[in-house]
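Chains as they are written, first to last, in this note's numbering: chain A, 1 to 208; chain R, 1 to 739.
Hints are computed from structural coordinates only; laboratory data are not their basis. It is possible that part of the hints are untrue.
What the hints assert, rightly or not - Under the rule of at most 27 Å between Cα atoms (straight-line distance), these lysine-lysine pairs were calculated in the BS3-like manner:
hint: 1; chain 1: R; residue 1: Lys168; chain 2: A; residue 2: Lys203
hint: 2; chain 1: R; residue 1: Lys168; chain 2: R; residue 2: Lys293
hint: 3; chain 1: A; residue 1: Lys61; chain 2: R; residue 2: Lys67
hint: 4; chain 1: R; residue 1: Lys81; chain 2: A; residue 2: Lys203
hint: 5; chain 1: A; residue 1: Lys203; chain 2: R; residue 2: Lys628
hint: 6; chain 1: A; residue 1: Lys203; chain 2: R; residue 2: Lys613
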Amino acid sequence: MAKPTSDQFSRRAFFKGSGAAAAASAVGTLAQTAVAQQQPGVVSGWTTISLTVNGKTASVKVEPRTTLLDVLRYELNLTGAKPVSMDGSSGASTVLIDDRPAMASTTLALTAVGKKVTTVEALGGARGGARGGDGPDAVPRAFVEHDASQCGFCTPGFVVAVRAFLNRNPNATEDEIRAGLNGNICRCGTYANVLQAALAVVKGDSSG
Amino acid sequence: MAEATYSWPPRDKSEIIGKRVSRLDGMDKATGVAKYTYDVNLDNQLIVRALDCPHAHCRVKSVDASKAMQVDDVVHVHLIKPIPEEGLEIRAHGTLIAAVAAETEAAAAEGVAALEVSYEMLDVFVNDADLETAAKLKRTKPAGGGIQLDESLGEPGDDDDEQEWEDKIIQQLLDQAAHVVEGEYGVDAITHCCLEPHGATLRWNGDKLEVELSTQNVSRTDDGFAGALEITADDVDVHCDYVGGGFGSKFQPNYWGIAAAKISKKTGRPVKFMLTRDQELKIGGNRPSGFIKVRLGADSDGVVQVWDSHHWGTSGFNGSTVSVGTVPYVYVPKNYRRKATGIITDNEPSVAWRAPNHPQACALCQTAYDDLAAKMQADSLDIFLRNLANIDTAEKADLYAQQLRIGADLIGWREHWHLHGQGTRRGSVVEGLGLGIHKWGGTANSSSCQLKIHPDGGVESYCGTQDLGTGTRTVCAMVLAETFGLPIDAVKVNIGSSTFPFSGASGGSTTVGAVAESHRRAAQDAFVELAKGVAQKLNVAADSLEASAGRIGIPGGKSLSWKEACGLMGIRPLEVTSNYKRGDESLLSGSGVGGIQMARVAVDLDTGQVQLKKMVAVQDMGLVINRKTAESQIYGALIMAISYSLFEQRINDQKTGAFVNSELDHYRLPRLGDVGELVVHFHEPESERKRGVIGLGEPPVISGGAAISNAVCNATGVRVPVLPLTPKRVLDTLRTAKG
């Protein structure tokens, strides 16, 4: 079986027009950045890029093949997005890129340059420290109230997916939620609770 | 309430026990704060990935790592097992051969791809359903059996051939039966598919090994590391705050955990070694398949009087199958004969999967009971009720009957029931109802709890248990808070470290009982000590004191605040360690639960698609600690049952033995839109509550398979014999039935 992991991407060169949609957009984005390359349109080896994650700009070293997921988890210690399937079929690595849901596991870090990346950690709000922060988002609060986590490994990805879905469908019905949140896998079987949580957010009674 | 014995407060006096409490770590899980083994990054760590064998049965002749070592950022290559002169025999696709340690995930993966291995191919057999061929290939192993007959039938005489006599008696009983069913049924092998793959993040601190392990056995994996590494368990600390799924597969360090420790030793650097997704499915754990050929005979009322079965299946290359002791399942006629045969296939050996043996046994056996109802043109619910006359837990017959009636009301049995295959067809869709019943033990595991109560009123507990998703921390806190009359956030619960007092592995529905025992005991023991000081201060009898609403005192009379009471201890904290040993008589926990499940499905006769409309679980579980998380356990179990009934299966290529669907895009699991309406009913009359806490993790995953299979049979009028009921299988069965 094919193993669609980051190793499929050449570490040495990242060519324009290679056929990968991600590649084209990455290069286009890079052209607008300060990442200087000797050859126009080609990024080779290790390079330093600037990423905007949860409102902060971070400088990180990447290779062309480095996934956004690896950057988040290993460079920025944002481990909310999880490595469950490297082909995006589990939804566990769901983040928002320019407010749209994306799988960090199948997104090359280079393609996120110049974009706004939001991870589940941002939905936690200012917790655990000084009072007066804006507190957790309504979606994680509803997940807690409706017990939409068991082992919890899929939960951060699910939380982001629900947030993204409800942003676009703030008045979603039960049927729409059942039809629209099928990108995430939970092995413990929290779907009934996730459904209740999402409905609670729609109704605005997720205060927990 | 300074009791002399350990007990629970009665239902009407419980302030916290039995209530709906949100899990304490819910927000950490929902916002990415919770750190799993995979998430722990140690300074200067190496990432390890392994090469897994692409063949199901072969001999590894050589591994050439020279090119892998030339890959940039690759630091070390480790051979998992030495290769002997004649080669290293591999018996399962996915077996790890060599591991590459590198600076990044990508470099490790590139290193793995650069390893060069030569193999000698060996014969492959993976057809676990084909008993006849397995026997010809000498791929079978006896897996037990026996016969149980009513005394009135006598015994074979001295001159009788025992086998012939048994055959004759069984045949006579079948001949006398008013109704006979002969059927073949099956359940495919499935995997655990933990979303956090198996693995470890570890380092050596001098001679001491510090391990973050994704485990359901925090207290007892240190010895596994120690034994393999030739050190002693005191030199191994295992830590696990969160584990991303286990389901019975994460009790050991596993050989890759040992390899991680060796690589760390060799390189002098911390190491993270997690299985890849496809490796997790191939070798992280699987549940044995089961196939059965059965004949049963029933009297004119539909009560089964004789059962005769032979079942087989595979647990991989060690060649076992579903335990013969679980067949027939719950319903055990007075006369039965059973036999089991293991099939040796070139697959990874199976390990415990949530309620080992029971889900398969239930589906293999109770589908035959439903076929009896179909044959008699009777209501399946009536047949399942009547056969409660012969169950192996006779004392539970009334309880099951109550549960079946409650379930029938909840699913609308009377409203939706029709005889098998005689429902109204809407377009190409027909609906059906089905049911199953199950049992489980759930005895609490051994557990110890150390409790510290500080003079300023602070309370902290330490216990080497783990949270498998059960909500263990919350259960511990609820028990302590209830006992001390404190709010839940006034107690600080510490779990997840082998340096804490021992607590048993989370397997077999044993955890809530275990920690409820140890934490209630420690809290009651501590309360006795606290009460002495309070009694002296208030000049009352210590055994008249109760803790409630943040105070300790006489109900309705004199009292001290919790903080004042703790202040009486002086400057030293009160430390108490209390133990529960599995099997000890106790009012706090018990054993043995039952439950029933019912399913309503819609089947599209043109496409073979089965849609789960509604599922009902009625479950007894003794005393409920946390109603909210207990309910979630049952929801989750129903969904896992839907999963193995309709979707998931390990598919081996019959020629090469390859596990061909080991990525999540092909290993089909249910998603939110697949699960229909789920209804959970806790059956908790006082007779059950007074038995104390009984484990809940396994039981509700058991009878869903039988219920769904029976519902599909009720809808279509034909039995799709093997789970999962994929569209292809449904269509194939319908075509065969049409002739």
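The hints, checked one at a time:
The hinted pair formed by Lys168 (chain R) and Lys203 (chain A) fails the criterion: a straight-line CA distance of about 68 Å is larger than 27 Å. The straight-line distance between the Cα atoms of Lys168 (chain R) and Lys293 (chain R) is roughly 18 Å, inside the 27 Å bound, and the hint therefore holds. Restraint check for Lys61 (chain A) and Lys67 (chain R): satisfied, since their Cα atoms lie roughly 25 Å apart, inside the 27 Å limit. This hinted pair does not check out: Lys81 (chain R) and Lys203 (chain A) have alpha carbons roughly 58 Å apart, beyond 27 Å.
Taken as a hint, the Lys203 (chain A) and Lys628 (chain R) pair is honoured in the structure, with Cα atoms around 21 Å apart against an allowance of 27 Å. In summary, the hint linking Lys203 (chain A) to Lys613 (chain R) is supported, as the alpha carbons are separated by about 25 Å, within the 27 Å threshold.
Against the hints set out earlier in the document, violations occur for numbers 1 and 4.
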